[in-house]
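**Q** These protein sequences, in sequence, are chains A and B. If you read the first sequence in my numbering, its first letter stands for residue 264, the second for the next number, and so on. If you read the second sequence in my numbering, its first letter stands for residue 146, the second for the next number, and so on.
Some hints here could point you the wrong way.
As the list claims (entries may be wrong) - Covered stretches of chain A (in silico footprint by chain B; criterion: 3 or more residues with CB under 8 Å from a CB of chain B, positions within the stretch not fixed): (1) 269-276; (2) 288-300; (3) 305-317; (4) 330-343; (5) 369-382.
Just so you know, the hints here were simulated from the structure itself, not pulled from any lab data. It should be emphasised that the depicted structure is a prediction, and the values quoted were computed from it without experimental measurement. Every residue gets a Cβ at the ideal spot worked out from N, C-alpha and C, and that includes glycine.
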Amino acid sequence: MIPGSDSIVAVLFGLMVALTAGGALLAVLSTRIIRSVSGLAVCCFGLAGLYCFLNSPFLALMEILIYIGAVCVTIVFGVMLSEPDEPAPSEKRGREWWWGGIALLVSVAVFWGVTRLSLHGPWPAPVAPETDGSVRAIGIALLTTYSLPFELISLVLLVAILGALVIARGGRRSE
Amino acid sequence: MNPRLFDQPGVYLALAAFLLAAGIYGLVRRRTLIGMLISGELIFSAAALNFMTLNRFVAPNPAIGQIFVLFLMGLAAAEVAIALSIIIAVYRNYRSIQPKELSELKG
């Protein structure tokens with residue numbers, strides 16, 4: 264046991280929470296869309312750290328692999344193929360502030376309500392876990408109990424790839 | 146400071162609610178399709194974090210929540226692929242990806 268490891272772990276936890284929240288804010292509030300994608304990547308990195316704290320290093324690796332490695336990179340390609348920066352506000356300033364206020368009000372209400380529900384909710388008492396939740400347990404469950412959803416998700420991914428190809432090729436003209 | 150803060154579900158649940166609220170705000174405020182897509186990903190992440198928290202602290206079998214979150218990630222990846230191809234097709238036809246321009250079907 265390293266001396267002071269408790270405080271190191273607490274600092275790491277705080278860092279991961281701050282990365283997640285800050286990345287989400289950057290993703291939502293920045294005007295340049297490429298900064299928004301970077302914010303999403305930072306947010307996913309923080310989430311991967313939180314998954315480590317939640318006893319699941321396997322899902323932390325998957326989060327980095329799928330979200331940062333696949334989703335963010337794909338969105339960056341989409342950014343390069345189109346022209347996505349936020350347009351200058353064309354409406355009147357008053358209406359702009361009005362809609363911003365309504366959106367802020369709705370999201371603050373959602374945050375407050377869901378936090379209150381989840382902090383004061385009558386969660387059942389924790390029970391003794393049946394399995395240890397290791398990669399071995401996940402693999403056994405995927406190949407026995409959840410084999411049908413496992414096959415279905417592969418079918419969904421195949422159809423999504425084919426559909427993306429067909430839709431993105433459809434309107435291409437030789438100019 | 147409580148040293149065992151990461152062993153209680155409170156912080157994780159509040160953070161998931163924050164991600165959901167940020168995603169909803171972005172979905173309402175963004176004026177490009179890619180920005181709305183990113184906000185949708187934030188909402189997906191909020192759902193995944195909620196699943197993982199309850200899986201860790203309440204559920205009897207900690208493997209099930211991880212499998213569910215794995216499926217959720219697969220669905221999110223499929224959604225991003227489809228949505229980006231639609232965005233590229235829209236940009237090719239309209240030379241713009243603002244949702245305001247896509248009003249041809251308006252009654």
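**Q** For every hint, state whether the structure bears it out.
**A** Outcome of the hint check:
With 5 residues bearing a CB less than 8 Å from a CB of chain B, the segment 269-276 of chain A meets the requirement of three and the coverage assertion stands. For the segment 288-300 of chain A, the assignment as covered by chain B holds, since 6 residues bring a beta-carbon within under 8 Å of that chain's beta-carbons and 3 suffice. For a cut-off of 8 Å, the count of residues in the segment 305-317 of chain A with a CB near a CB of chain B stands at 7, and the three-residue condition holds. For a cut-off of 8 Å, the count of residues in the segment 330-343 of chain A with a CB near a CB of chain B stands at 8, and the three-residue condition holds.
Here's how the segment 369-382 of chain A fares: 9 of its residues keep a CB closer than 8 Å to some CB of chain B, so the rule of at least three is met and the hint holds.
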